Amino acid sequence: MERDVAARFYKAIEAVLSMKLSEFMEKYRELLPRFALVEEEMEMPKVLDLLRSGRHYIIVVDKKNRVKGIISYIDFMLMFGRRRSTAMFAPFSSVSRSLRRSRMPYETLIGLSASDITTILPPHLWTDSLVEDALKYMSSAGTNYAVVTTREGVVVGIVTAHAIFRAVLKEARFEDRNLDS
153 MERDVAARFY
163 KAIEAVLSMK
173 LSEFMEKYRE
183 LLPRFALVEE
193 EMEMPKVLDL
203 LRSGRHYIIV
213 VDKKNRVKGI
223 ISYIDFMLMF
233 GRRRSTAMFA
243 PFSSVSRSLR
253 RSRMPYETLI
263 GLSASDITTI
273 LPPHLWTDSL
283 VEDALKYMSS
293 AGTNYAVVTT
303 REGVVVGIVT
313 AHAIFRAVLK
323 EARFEDRNLD
333 S
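All residue numbers for the sequence shown refer to this note's numbering, where the first residue is 153 and numbers rise by one.
Since the hints were made in silico from the structure, they are not lab data. Note that the coordinates shown come from a computational prediction; the quantities given were computed from them, not determined experimentally. Glycine included, each C-beta is placed from N, C-alpha and C at the ideal position. Misleading hints may appear alongside valid ones.
With a straight-line cut-off of 27 Å between C-alpha atoms, the simulated DSS-like cross-links for lysine-lysine are [unchecked claim]:
id : residue 1 : residue 2
1  : 322       : 288
2  : 179       : 288
3  : 172       : 322
4  : 163       : 179
5  : 198       : 172
6  : 322       : 179
7  : 198       : 179
8  : 172       : 288
9  : 220       : 288
10 : 163       : 288
11 : 220       : 172
12 : 322       : 163
13 : 220       : 198
Pairwise CB distance ranges, derived in the manner of DEER restraints [stated by the list, open to error]:
id : residue 1 : residue 2 : range
14 : 273       : 197       : 47 to 57 Å
15 : 258       : 292       : 34 to 44 Å
16 : 163       : 216       : 16 to 26 Å
17 : 306       : 156       : 36 to 46 Å
18 : 175       : 305       : 16 to 26 Å
19 : 193       : 225       : 18 to 28 Å
20 : 303       : 273       : 13 to 23 Å
21 : 262       : 166       : 21 to 31 Å
22 : 157       : 304       : 41 to 51 Å
23 : 314       : 158       : 34 to 44 Å
24 : 170       : 257       : 47 to 57 Å
25 : 258       : 159       : 16 to 26 Å
26 : 197       : 321       : 36 to 46 Å
Can you build the whole structure from these sequences, using the hints too?
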């Protein structure tokens, strides 16, 4: 029994990791996080409304729709966390550098734009990249997500390590009603 479980799991890993991101995103769309594209100038209350509505990743683009940065729900939580955790987990976020000294006042927060709090240079891959490459890239970039674009730079979505793991479980038929927790 245990060998059968291990064999199914291994086979599922091989199947998922060998998929192109475009195929993965189509097959496992329901496992992917919701996201939004916003321009750099978007005001913070509007960004917060997107997060409130369940878009856990906000991709910041310039006027030509090129990716300039990303805001994740984790970035927001770390902005208000303890001094040590902000510095440790979000070292490349522009706001995290200033928050190491003090907690941000409400008036400052609502005056910020999307570009003020983006994580600079988010990892991104093309749709024809393999899922395995996405995991390697996330690992080397120190993130659990990557922005997926076409070769022309059009944003297609976000892939996360969590979504990949859930896809492996689904592929191995280890589905559990509590996978969302």
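Could you work out which of the previously given hints the structure breaks and list their numbers from low to high? The structure conflicts with hints 5, 7, 14, 16, 21, 23 and 25, although it agrees with all the remaining ones.
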